[in-house]
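Colleague: As a plain string of letters, each chain reads:
Protein chains: 2
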Amino acid sequence: MMNSHDAASPPTGVEIERKFLLLNVPEEVLAAPGVSVRQGYLVVGTQEEARIRQADDAYTLTVKSGAGIRRGEYEIALSREQFASLWPATEGRRIEKRRHAVPLPGDLVAEVDLYDGPLAGLAVAEVEFVSLDRARAFEPPGWFDADVTDDGRYKNAALARDGRPS
Amino acid sequence: MMNSHDAASPPTGVEIERKFLLLNVPEEVLAAPGVSVRQGYLVVGTQEEARIRQADDAYTLTVKSGAGIRRGEYEIALSREQFASLWPATEGRRIEKRRHAVPLPGDLVAEVDLYDGPLAGLAVAEVEFVSLDRARAFEPPGWFDADVTDDGRYKNAALARDGRPS
Numbered sequence: 009m010m011n012s013h014d015a016a017s018p019p020t021g022v023e024i025e026r027k028f029l030l031l032n033v034p035e036e037v038l039a040a041p042g043v044s045v046r047q048g049y050l051v052v053g054t055q056e057e058a059r060i061r062q063a064d065d066a067y068t069l070t071v072k073s074g075a076g077i078r079r080g081e082y083e084i085a086l087s088r089e090q091f092a093s094l095w096p097a098t099e100g101r102r103i104e105k106r107r108h109a110v111p112l113p114g115d116l117v118a119e120v121d122l123y124d125g126p127l128a129g130l131a132v133a134e135v136e137f138v139s140l141d142r143a144r145a146f147e148p149p150g151w152f153d154a155d156v157t158d159d160g161r162y163k164n165a166a167l168a169r170d171g172r173p174s
Numbered sequence: 009m010m011n012s013h014d015a016a017s018p019p020t021g022v023e024i025e026r027k028f029l030l031l032n033v034p035e036e037v038l039a040a041p042g043v044s045v046r047q048g049y050l051v052v053g054t055q056e057e058a059r060i061r062q063a064d065d066a067y068t069l070t071v072k073s074g075a076g077i078r079r080g081e082y083e084i085a086l087s088r089e090q091f092a093s094l095w096p097a098t099e100g101r102r103i104e105k106r107r108h109a110v111p112l113p114g115d116l117v118a119e120v121d122l123y124d125g126p127l128a129g130l131a132v133a134e135v136e137f138v139s140l141d142r143a144r145a146f147e148p149p150g151w152f153d154a155d156v157t158d159d160g161r162y163k164n165a166a167l168a169r170d171g172r173p174s
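Each protein sequence line maps, in turn, to chains E and U. The first sequence begins at 9 in our numbering and counts up one residue at a time. The second sequence begins at 9 in our numbering and counts up one residue at a time.
The set of hints was computed from the structure by calculation and includes no laboratory data. Take the hints with a grain of salt, since some may be wrong.
When chains are identical, the list treats them as one kind, so a pair holds in a single copy or across two.
When the alpha-carbon atoms are kept at most 25 Å apart in a straight line, the in silico SDA-like pairs for lysine to any residue are as follows [as the list claims (entries may be wrong)]: (1) K163 <-> S73; (2) K163 <-> V117; (3) K163 <-> E89; (4) K163 <-> P96; (5) K163 <-> V43.
Can you make the complete structure from the sequences, with help from the hints?
Modeller: Written as structure tokens, this is what we have:
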């Protein structure tokens with residue numbers, strides 16, 4: 009999800025990922041260094057969205073289309089100045105979180121998001137796969153809880169706008 | 009509408025403008041040099057939209073919110089590489105036009121858009137005002153036709169997606 013794209017070959021990347029709720033985050037994940045992320049949504053359509061993100065001192069604009077397990081994604085790096093000019097346009101549609109990359113068996117990585125601000129207490133893990141078969145075959149570790157891949161309320165855009173699902 | 013913003017003071021500009029159909033564009037407008045514009049929509053929401061535009065060799069990203077005569081607008085300059093990376097995300101939601109700036113009485117300017125491609129033959133004029141009072145008091149010149157300021161079908165995003173209104 010945080011892969012960046014080469015400007016010379018326009019990104020037509022399709023993401024294949026699954027998302028899980030975490031009710032109890034292991035101590036070692038909480039203790040590991042993470043990246044501070046804030047992101048805000050410029051526009052949220054029915055199937056598309058455009059957001060800007062600051063992850064430590066890296067700034068990106070991402071356009072996503074489609075929904076569920078397969079999504080199209082286009083991403084560019086922004087300068088700090090470009091980010092600062094667009095940030096006011098995201099008012100009322102923002103999230104803050106710390107992101108930890110946790111290695112999993114099979115060369116997989118769980119991106120664990122610990123939300124902050126109004127969403128504090130919410131934690132989710134996302135795992136990206138190279139194929140739909142691999143995604144379907146994935147056996148989540150014991151500390152993963154409900155699979156919320158297809159639950160629209162856990163999309164970051166929905167969390168930013170509507171808050172934590174009850 | 010093509011005003012750019014200073015990165016140091018985040019743009020919170022509100023546009024006040026009116027838009028008119030042109031059934032017969034004066035010869036002198038057609039003959040004047042114009043700017044070649046292509047723009048594509050990254051995301052179109054119910055009230056917001058994000059688009060990228062190339063006007064000759066200038067590239068911009070614009071986020072608009074709201075509708076009608078008053079709209080919020082946030083704009084940044086993009087590099088050619090940033091534009092090229094995002095352009096594929098606009099497939100199926102693009103317009104091409106030539107834009108002519110035509111002076112009007114009272115220090116006003118009509119931005120006349122002559123559409124090309126699937127929209128060839130369509131022409132509209134937009135006039136921006138410093139206040140709602142000025143906008144309401146505006147007396148359009150004789151070569152302006154129907155006021156389509158509040159006709160959603162003539163928004164560029166709708167034209168890009170749905171084509172020319174019948």
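Colleague: Determine for every hint whether it applies to the structure shown.
Modeller: Right, here's what the structure says about each hint:
Taking identical chains as interchangeable, the C-alpha atoms of K163 and S73 lie at most 25 Å apart whether they share a chain (13 Å) or sit on different chains (22 Å). Taking the shortest Cα distances, K163 and V117 sit within 25 Å of each other inside one copy (19 Å), while across copies they are farther apart (44 Å). Neither within a single protomer nor between protomers do K163 and E89 lie at most 25 Å apart by alpha-carbon distance, with minima of 27 Å and 29 Å respectively. In this assembly of identical chains, K163 and P96 lie within 25 Å of each other by CA distance both inside one copy and across copies; the values are 21 Å within and 23 Å between.
Taking the closest pair of Cα atoms, K163 and V43 come within 25 Å of each other only inside a single copy of the chain (19 Å); across copies the shortest separation is 40 Å, beyond that limit.
Comparing the model with each numbered hint stated earlier shows that hint 3 is the single one that does not hold.
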